[in-house]
Amino acid sequence: MRRPSFSTLILVLGLVFIYLPMVLLVIYSFNASRLVTVWGGWSVKWYVGLLDNSQLMGAVARSLEIAFYTAIAATALGTMAAFVLTRIPRFRGRTFFGGLVTAPLVMPEVITGLSLLLLFVAMAQLIGWPAQRGLTTIWIAHTTFCASYVAVVVSARLRELDLSIEEAAMDLGARPWKVFVLITIPMIAPSLMAGAMMSFALSLDDLVLASFVSGPGATTLPMEIFSAVRLGVKPEINAVASLILLAVSLFTFLAWYFTRRADKRRSRAMQQALEEAGEAGLDKPLVAPPAHS
Amino acid sequence: MNRSRLNSGRRLVIGVPFVWLFLFFMLPFFIVLKISFAEADVAIPPYTEIVSYAEQQLQVVLNLGNYLFLTEDELYLAAYLGSLKIALISTLLCLLIGYPMAYAIARARKDLQTVLLLLIMMPTWTAILIRVYAWMGILSSNGILNEFLLGIGLIDQPLRILNTDVAVYIGIVYSYLPFMVLPLYANLVKHDLSLLEAAADLGARNLASFWKITVPLSKNGIIAGCMLVFIPAVGEFVIPELLGGPETLMIGKVLWQEFFNNRDWPVASALAVVMLAILIVPIILFNRNQAKALEGKP
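From first to last, the protein sequence lines are chains R and D. Residues in the first sequence are numbered consecutively from 2, following my numbering. Residues in the second sequence are numbered consecutively from 5, following my numbering.
Extracted from the complex, chain D is given alone in its bound form (with noise of 0.2 Å):
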């Protein structure tokens, strides 16, 4: 076979992506990290350059200022750790809804999960913004919810819900709950059985099995699920902007209003690298657990 030729065209279908996720994915993190190092300015890109020539001499200024500024104000480090206890609390949650759901489908007919899994897949692609949006008419105080409860007599007067962090718990259990079960079902359905059986042969009952043999299997999906959880909850925007209130501190949406409302784009491109900093760890592990399903190992 012609081997040039093999490999130009091996060289293409590698390339187009490739530069393509570079171009659009990768690069814009570095110009995010430049523009984090510059000042806020009046003027069309808002920010000032940090790279100038002067007297034939290349002049790179790097302002620290948002950074510092980013620890004297004591707003966003409530923010950053707002937003992680509300990813955390919340992965815990699809973790405990999601397993028991998961495993559910995985046991059940194998004509009755096709069903199953296209009920869990459906709201994924559904619009999240309406699935958030449908919670507000439930939750307000004049809501569906509060409606109901006064009307069988449980509370006397509406309980306040929509615009606590209660409420911003429920539309991310409630949005990314699918995400946690779609890889658990993927894992769990795969597990040889047999083990089942030989560990009740050998007298272990259901529980025990189920804790020694099922979950230690189970593993790559518990990581896969979390992962897409917590990561995308971290940054979270459209969740704590219309469930929470003004308490409901996420870095989400601190940055969302320095970039739109107060125009300081240096402050929210640092705001995004701390965030990313932050985030790294998990989205190698992630992208470890990934990279090992789409290659097919186990």
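Chain R with its partners taken away, still in its complex shape (with noise of 0.2 Å):
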């Protein structure tokens, strides 16, 4: 037995630094004392006490309805990111719209969030629209910062794509959006669902754009639990907390199982059909092997 290396020694402790809290937080939501520290045997009565908390689920309900529609629309404008950095070449400011999609990863979440308001309110004041703040402007404030994510995400599958298939395509005189849809889209469905998955938890998840570009009545669930939050550690939150882990952990395992499958599914085909070839006696695959991620 090989001793083990310094980097996995690391890798081993960064992974239970991760993990631990999240477990511990688990865990103590099952906590039957009120007292957050002192164990008092296991009890699921914050669970069952959150459906009665009738402000809380509406606030659940928000999110999940504001998440779902960040998820369809950062999904569509990153995969038009995604295809213009990837498959148009040249046009004129090309630089300029790479940085604009990729600021958004790194911007200070205040920044972002202080000038959209700003922006909102001019646009209220200017033309009218958004005449109330609420779940709409935190839809477009979540969508564009997921759209980043997305294209970062299906960029990178577009890239591996073998562009011959395409072409192809194009020279037996598909039109290029019916290449697209019909040949690209299929290709990177994974990777698409993976960015889906991405923003819906993304969405879910954001406290601070949502809190400066929110209105009246349109608490979303961050926002629920960061003015609780605020006051100290509660069992109640505990519960709603573990929750959220639960819900995001096996989306997150979803878009990672997607993707996994369909490369396996797709190194499989390769493989029968070099097989094939090599049977059929050809010397030489008709197809490259694509190189392998």
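In short, the hints are calculated from the structure, not lab data. All C-beta atoms, glycine included, are put in the ideal place defined by N, C-alpha and C. Don't take every hint at face value.
What the hints assert, rightly or not - So the derived label-pair ranges between C-beta atoms look like this:
no., chain 1, residue 1, chain 2, residue 2, range
1, R, 66, D, 12, 49 to 55 Å
2, R, 190, D, 64, 32 to 38 Å
3, D, 116, R, 218, 47 to 53 Å
4, D, 207, R, 273, 41 to 47 Å
5, D, 79, R, 217, 37 to 43 Å
6, D, 250, R, 56, 53 to 59 Å
7, D, 204, R, 183, 47 to 53 Å
8, R, 217, D, 81, 33 to 39 Å
Unchecked claim - Here are some chain D residues pointing at chain R (derived, C-beta under 8 Å):
no., residue
9, 13
10, 18
11, 20
12, 26
13, 32
14, 65
15, 104
16, 105
17, 123
18, 133
19, 137
20, 238
21, 272
22, 282
23, 284
24, 285
Each chain sits in its own coordinate frame; assemble them with the hints.
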């Protein structure tokens, strides 16, 4: 048995560091005692209590609604941006376009939030829309920054794709949009799925942007949790937090699983094609195997 | 092929994301800039107009008062410096911890790599608010960590960690560590291992070839990782608000208070403009680096 290396040791410790707080949070959400740190035996009463909290449930519904529409819009917008960045090599303002797509990834949220709010206020004065801030303005804010994440995920996939299939279709006379819908989209479907789930999770999670651009009556779940958390640790919040952790982990896992399954299926199909080509007595395979990621 | 149709299709696919991002990401900065020159007012919205028509003349009144105000009160300077210090130290800590982690993943078995990556990636999608909240329960004076340390007799009285800068460092490193590991991994996994073998054949020791080959080759990964941690950490609000104490001065928190508590939109805008001016160089650096990665150039 080889002695584990220094980097492996750090990796294990790092993973413990990342996961231990979440595990403790989940364990303590089942604590029967109202005193958060005193263990009073196992109980699910905090979870049961959540169902009666209509204010919280309203916030959950609003957050899910925003996240759903954000996932759709951000995936569409991010995919277009990724397509432009990987398939259109030259046009005026390309560098600027690239900057617009990647800058939201790092821009501090307080800046984006404040600037979007001021935009909405100015627009309301100028053209009367949005008359009231709320779900729509939060959706716009979330879509803008989630689209950047989608663009990164999808462009990674687009770059790996074998261009010859798209080119072949074009040579056979297919229109560009037809090639995109019938050939490119099915090939990048797993990363679209991953991007959509990522946007859903990011939107569900956002506090700062939503706080700035929200309006009366449009309190999202993170805003609700934040106002409770400011006052300290509470068992009810432990329960909500655990449920969110569970939901998001499930989403991440599914996104990962879809991507992986599609990858496996593709490489298996490629393998099969190569074998058949070999049996048919061809010296060289007709299609070059893709560079393995 | 019909060229005009191709062009209109291309214009559409460039135009839609461009217009959206310009309208909802770029344009708002100019409005922030504009309002940073306005004066606070008791009105809706709570600031004065800087552009006005008087006697058929367009008048622009730029009020530098907000910027002067930022230099007069030491609180703001301290908050900017505090943010930069905390972000810088946290970034270095993330790099120190994240590099070996990324290295270990990149050298692990292929099937193990996907699982390890999932484990690193999962937290980046998970509510940052909740992960920070988890630390509140651990670090508080009657929290899990203190109970544990008291229990094993290492300390006599609870340590005060929550509401100090130490807690802020823990929170930032904890929240941003995956953002350091992922770009580093993406870079390290592409390295040609034969270079290291060649170096070993020529008698280089592991540590020497690590510093002379692996580290320089991973420069782009290091830049991407550091920028992904540093830039958002400077403007971080949730972590200093929940884990930090009254003495923790960070600009994101000050901006939030200026906006939500004092309702002084012009001063909040001026704070944002200055923060952006500080961050513009790292942001451009990150964008260049990212543009190369997005286009698949080495």
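If you check each hint against the structure, which ones fail?
Numbers 1, 2, 5, 6, 14, 22, 23, 24 - these are the hints that the structure violates, sorted from lowest upward.
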